[in-house]
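Protein chains in written order, with numbering that gives the first Met the number 0: chain G, 0 to 530; chain D, 0 to 530.
Derived by calculation from the structure, the hints in this document are not laboratory data.
As the structure is a prediction and not an experimental result, all values here were calculated from the model.
The beta-carbon is built from N, C-alpha and C at its ideal position, and this holds for glycine as well.
Check the hints yourself; a few may be wrong.
Stated by the list, open to error - Cβ pair distances, simulated, as ranges: (1) D:Pro17 x G:Ala48: 55 to 61 Å; (2) D:Asn389 x G:Thr21: 43 to 49 Å; (3) D:Ala383 x G:Leu130: 40 to 46 Å; (4) D:Ala345 x G:Phe136: 29 to 35 Å.
Number of protein chains: 2
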Amino acid sequence: MDLTGQQIIGQGRSAEGPETFTATNPATGDALPAAFYHATSSELDRACALADAAYVALEKKTPEERAAFLDKVAEEIMNLGDALIVRAHDETGLPEARFQGERGRTCNQLGLFASLIREGSWVDARIETALPDRTPFPKPDVRLMRRPLGPVAVFCASNFPLAFSVAGGDTASAWAAGCPVIVKAHHAHPGTAELVGLAIQKAAAATNMPEGIFSLLYGPGRSTGMDLVKHPIVKAAGFTGSQQGGRALFDAAAARPAPIPVYAEMSSINPVFILPEALKEDAGQIAAGLRQSVTLGVGQFCTCPGVLVMLSGPETDVFLAQTATLLLESSHDTMLTAGIFDAYRAGFEKLDNKEAVDLLGHDAVQFEATGNRAVPALFRTDAATFLADNELSDELFGPTTLAVVCSSRAEMFSVARKFRGELTATLHGSQADLKAYADLLPLMAARVGRLLVGGYPTGVEVCSAMNHGGPYPACTDSHYTSVGTGAILRFSRPICFQNVPDAFLPSALQNGNPDGLWRLVNGGMTRDSVQ
Amino acid sequence: MDLTGQQIIGQGRSAEGPETFTATNPATGDALPAAFYHATSSELDRACALADAAYVALEKKTPEERAAFLDKVAEEIMNLGDALIVRAHDETGLPEARFQGERGRTCNQLGLFASLIREGSWVDARIETALPDRTPFPKPDVRLMRRPLGPVAVFCASNFPLAFSVAGGDTASAWAAGCPVIVKAHHAHPGTAELVGLAIQKAAAATNMPEGIFSLLYGPGRSTGMDLVKHPIVKAAGFTGSQQGGRALFDAAAARPAPIPVYAEMSSINPVFILPEALKEDAGQIAAGLRQSVTLGVGQFCTCPGVLVMLSGPETDVFLAQTATLLLESSHDTMLTAGIFDAYRAGFEKLDNKEAVDLLGHDAVQFEATGNRAVPALFRTDAATFLADNELSDELFGPTTLAVVCSSRAEMFSVARKFRGELTATLHGSQADLKAYADLLPLMAARVGRLLVGGYPTGVEVCSAMNHGGPYPACTDSHYTSVGTGAILRFSRPICFQNVPDAFLPSALQNGNPDGLWRLVNGGMTRDSVQ
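The shape of chain G in the complex, shown without the other chains (with noise of 0.2 Å):
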């Protein structure tokens, strides 16, 4: 399938700017096939009144329509086959494995939205019926339920260039949420934006949508992305990447003339607390679970372990050097972008270079010239240190982690205490460690958008029970997961409406339920309908 690095703007395709760029193995340093043209003002202006457009027409669609073209964008995401698997791999240095399992994830994905509207009850329709001999006043006959909010930006993140990219989360849930999308597109992988950008073409044909219920845009984040959040029509954005890049886009949206909202998951170190019982009886088990969460996706996950928390002792200095020596015996790996790789190194040599901090088992790292690979890494530090430098809260993206052994349990608390947003936090612990450190569970919890107990925070489960979130800055807007069905709440809310008759109530409110959906009627939750 060839490239041709057009704007997707609907059905039709443009490339009307001077301006082009080029995506770049960052394995190999090559420049790969096809230049992307940047978006002009005029296209993205087209792609938004066929947003708007698109965003009306979607409102006569039924559920179960929508439902078809989202299964259908998973079905011609499939039919791409292995072009897209060889793309993704070549502009990101991930291996194709890899990409296998997130485009498996990205379907599954579309097709868990695609159940969920079909089911219907999401729309959280609430009935109150009118009581007319009420006294002072009668009650009137009251009615609520979430509809689409309007046209969507959704920013492709570097580090799943499906899951969270042209056809991810984000893009899923704001079209079950009956918004259409307009994406901006990453500059390290526009080639997979661009193959899926076409599969998503294709589907909304076949299912009969609106066109401007998709464009794909390519251009810079700071003009092409920046001019899309601040476009009048859109009415939300959805980011995955750098605290950097989504607080420009949350500030350039709080600071237009009417607001929007931009669902920024940024950034977080993910604090994993090991437990002294814990440590005794599976530091082992810990140390391997560690070492491959630390290096998943060469440490390129948002819910990355950075952190580990301990008491310091014998047990801890066995278990730190042996975690050491795994991620020293793991294999360097290409980075997403020679960009990302030279943050990385900057961040690594930085903490090297910190007094009080100290890298395990290696006596001097050496990078490779070439290929921009991460070496994996172990760095120590004590909690007093921790908790005076700010530096060390901050997220080293890439496969490092940092130990913070604590002379007490008090020491402990302060730690804990420092941490302020957090995607994730994970205690190991025995029974006896979580009774002993009881306090610990609730004052995690108040700072993370989920707390595990075992285990390790990569591997995010795509559910109804899922929170990909969490206070700033692990997002911008605490209230809301980026991941499982809650992600369709940011692209909806809530209309009500009084006294309006039957017949021209949305069907989801009608007294006859024709969805079966469950609603909270008078007080009460039924699948009934209203008498």
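Given the structure of chain G, go ahead and fit chain D onto it with the hints provided.
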């Protein structure tokens, strides 16, 4: 009951600062008893520190304990007796009967939230149980529920000294979620605030709540209010008031190092469409209803119908003349403050001076010299003028409405499309009208928080199916209602628990379902326990 004008900080009182202000009776211009102290920054810090401690302490209180507190607040407000009613009347010029009603609504709101948390299903518990044998990866046990966000700042509203002030809807919903509240009193009714604050202080002591669950501060919005929204301990704010005030808070909150949500309900002109057949059949009734709705609370309701949209014709001329007469005959009542009255008079005169806007039924309007008394009025313009002059879409806070007369159905749709963010829209139409104008319903639904067929937007039903919100500038965040049980969602966020042993889970997520909640378990709604 003697007022002291001191801050209420937890169970203490404080008056550290040198600056004071007094309340003014807007009907007489007289200063009312008691000098109120502007909060100092150390007082604000103390209130915040207590709230932070209370946030942790509240986690250990059961929903029943928190519900008992809400009920007790209502009881203590009733125990204030006539002193509260008289002071609120003196501070606002609104009749005592109005405050008997508003007090009832305030206590009912507290009771509604007490019932909501006693029942408990609002936490939206979701459980997906483990599948250890799933391939390629085992599925973990994942459980989700909503938990309190943190300390909340609430700003008293000028127009609802009880129901949207110290113990109003914002405060009740934040407490219900488990959040401590720091209230910033409104300068127009500080005595009402103190009385309610004292009732809350008593209730907190009687029900053994952590003292930081409530504080009340006095001071200017641009200093005390801003400092509160910028305080790192504060995690969200609720506001009802002007667009300027709400936006200033929103901007300050968005610019924080860690941004927080400001739920500001601000500005709305609440269009009422009167369709042809309804006008023929019900002109007299609609005119009478409109008069009542427009003049309710001297037009100082967020949902006051500020615009009528109609087709031109002889029936329209007769209807408007009749409505103008009814408004002309209405009493001239005292507005909440001299400032609000001055803004009303200035806006009124600005409208009156517009070439293409007619003041119906008046030759010249005389505002009385004293008493800040509003003159209710009906203005008329044509659709072309309304579409061209953006000032005509500005809210004029007071008992005035503007009839926009359209020469065609198409022009009516153009007017409809001009609305971008309203709390409400109302359609008066027969069944035949609604069929003929079927596209008007979704068009307006996309622009408002609540859509009414018949009736009037004032009188917001406090229930599970209400939405008092809408796209900007009606609100800063259209995802949430500030009236009804949904308001609790603003002050809570999801937290996911992964592989947490049953004994360490919050009761809402335990297998046995000890609280008897409706939960989403493996995709199905149920109150059963998990096997």
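To see whether the hints hold, each was checked on the structure:
1. D:Pro17 x G:Ala48: 55 to 61 Å: Holds, since proline 17 (chain D) and alanine 48 (chain G) (Cβ atoms, about 58 Å apart) stay within the stated range.
2. D:Asn389 x G:Thr21: 43 to 49 Å: holds (46 Å)
3. D:Ala383 x G:Leu130: 40 to 46 Å: Roughly 43 Å apart at Cβ, these two residues keep to the hinted range, so it holds.
4. D:Ala345 x G:Phe136: 29 to 35 Å: Distance hint for alanine 345 (chain D), phenylalanine 136 (chain G) holds at roughly 34 Å.
Every hint, counting from the list given before, is met by this structure.
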